[in-house]
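Chemist: The primary structure of each chain is shown beneath.
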Amino acid sequence: MKTITIDPVTRLEGHGKISIFLNDQGNVENAYIQIPELRGFEKFCEGRRAEDMPIITPRICGVCPVAHHFASTKALDAAFGVEPTETAKKLRELMYMGYYIYDHTLHFYFLGAPDFVVGPDAPPAERNIFGVLKKVGIDVGREVIKHRAYGQKITEIIGGKATHPTCGIPGGISKGLSEEERSQIESMAQSSIEFAKFTLNIFNDIVLGNKKYVDMITSDTYKLNTYNMGLVDKNNKVNLYDGVIRVTDQEGDEYDRFTAPDYLDHISETVEQWTYSKFTYLKKIGWKGLIDGPSSGVYRVGPLGRLNASVGMATTLANTEYQRMMKTLGGTPVQSTLAFHWARLIELIYASEHALELVKDPKITGRDLRNPIGEPEEGVGVVEAARGILIHHYKLDKDALVKKANLIVATTNNYADICISVRDAAKGLIKDGVVDDEILNKIEMSFRAYDPCFGCSTHYLPGLAPMTLEIYNSARRLVKTIDRS
Amino acid sequence: MRTIVIGVGNLLRCDDGAGIHVITHLENLHAPVDVVDAAMGSVEILEAMKGYDEAYIIDAIKSGGKPGTVSKVELKEGSLLSIYYSHGVDLATTLQLGYQLYGDKLPKRITLLTIEAKDTTTLSEQCTPEVEEGVEGVIKEILHNL
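Respectively, the protein sequence lines represent chains L and S. Per this note's numbering, the first sequence starts with residue 1, numbered consecutively. Per this note's numbering, the second sequence starts with residue 1001, numbered consecutively.
Simulated from the structure, these hints should not be mistaken for lab results. Even glycine gets a Cβ: it sits at the ideal position worked out from N, Cα and C. Heads up, a few of these hints could be off.
Stated by the list, open to error - Within a straight-line C-alpha distance of at most 20 angstroms, the following computed DMTMM-like cross-link-like pairs (lysine to aspartate or glutamate) qualify:
hint : chain 1 : residue 1 : chain 2 : residue 2
1    : L       : K161      : S       : E1047
2    : S       : K1050     : L       : D139
3    : L       : K153      : S       : E1125
4    : S       : K1050     : L       : E143
5    : L       : K146      : S       : E1047
Stated by the list, open to error - Short derived list, chain S residues pointing at chain L, Cβ under 7 angstroms:
hint : residue
6    : L1012
7    : L1029
8    : V1033
9    : D1037
10   : A1039
11   : E1047
Please take these sequences and the hints and turn them into a complete structure.
Modeler: Next up, the structure:
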């Protein structure tokens, strides 16, 4: 048996790693992806002051700090039995839209677009942001960086710091918005809508206009027939900051709905011997291993999971695009993993439109920023991180120190899906032992679509080889190493 | 001359937070520099550097050397490796992109100062004593050159 290992992330410690096991015929027997997990963090939180949690937890990860900040703040709202004021809630949500604008912009242009805009079969040296800019123009690059910075600026204005916000406090927010700041955010939101429309046009022309790509997106290699989960508003439309957790089945019908405090009655975690990371599954259905279908409790989160778990988007342009995606790809639910990219762009336009709605709301510059808090108890906070449902759960003692913390992060929710997607893509693409660069890239595309975040581990070093391929013979001896940098 | 110091790293990961400790100390010393906590060190480094004459990027590394060792590399256009990375955007890609997009708006001098890490897995907001010395070394180096 031969083993192929793809090391997709080069880090100081704790690599994410894909190992593909071939049988004697050179076909895929099995494939595993190992994700490094930040172990011990919950213990690290114990004994800390409750109000420090929204400051510490964003430091887990430089990729989704705003999501951790607000999951944590919302857990404290619940633990102190208080709702934020109307203005505070709107400000939090506006800041959250800024986070989505910068996060989704980066993913599409730097990580998703190289595969589609440059091409999945293009040489690795061209399949990067520079290849994208060569195709779409250097001015687009300036717009990308500009709008990424707009998203960051929105979070900085409201949050205090762009990367590590400090504004969220139980019952509200620490500072209000001046008219000058409001007006600045309004122009950035306006511009982001135009930029999102432009980005969707690129996707439409280059990806959807190419039959080869559409066939690839809809092919069985990239299909996964799971449940879908996401936060929805009262009309069952996507809500990124707040709402009810809705789960839909393989037919697109509602299977379950619950609120944050009840998550333990609906979601369970399990472990497998070969990985440090846990898997989550729908409790009532149960863990049946790495399989999809109605009898398996595996569910998907993140942009595609959210869109599938909802009936549409709450803003006009985003909803039109939502309906178009569902129609083009065969109706709800769309189970093609590569459709994550389209879903992400629909959310980019939603976040921009919703930011504009919020910043035009007269309440946004209100001065009623905080409600008085109650006694410290227990609380659960949930938000949609860019990569999916994120849950913070704290138990506080009478002095408001953390007695116990439990965190379920987005990539853990999607871990089983990522494993199945990688395995099925490998099975569909590797035949008779033929493994070339194009095939490996197409396998990677199956997990890159999820935008799995290993940011909870340490950051990476500049200049190291980004990926190595190792092939072992049946005696597990390394026979070939390919350095893809 | 305007100087910016950009700290990269995870403050909760012991020595990995060395870059963040450097900028915190510089702030406390009221050094005549601007500082930015860039955490993962993604493309926002570009926006942060724009318009400055000089930039320092401070990061922990693990290259097998003696913990606390400080290394200095002047980063110049054309000397950077083009790298494809499957999640996140590394420093070389970021700077190369910056040169393409902004040209002369980037600082004339960009210096990468690295500190050899000993422990990057323990959850701790403090560095190991060896790396603390490296942090002091980096601060002296920056202040000396101002």
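Chemist: So, for every hint listed, does it hold in this structure?
Modeler: Do the hints match the structure? See the list:
no. : hint                  : in the structure
1   : K161(L) with E1047(S) : 14 angstroms, holds
2   : K1050(S) with D139(L) : 17 angstroms, holds
3   : K153(L) with E1125(S) : 27 angstroms, violated
4   : K1050(S) with E143(L) : 15 angstroms, holds
5   : K146(L) with E1047(S) : 8 angstroms, holds
6   : L1012                 : 5 angstroms, holds
7   : L1029                 : 20 angstroms, violated
8   : V1033                 : 17 angstroms, violated
9   : D1037                 : 6 angstroms, holds
10  : A1039                 : 3 angstroms, holds
11  : E1047                 : 5 angstroms, holds
The structure is inconsistent with the numbered hints 3, 7 and 8, although it conforms to all the rest.
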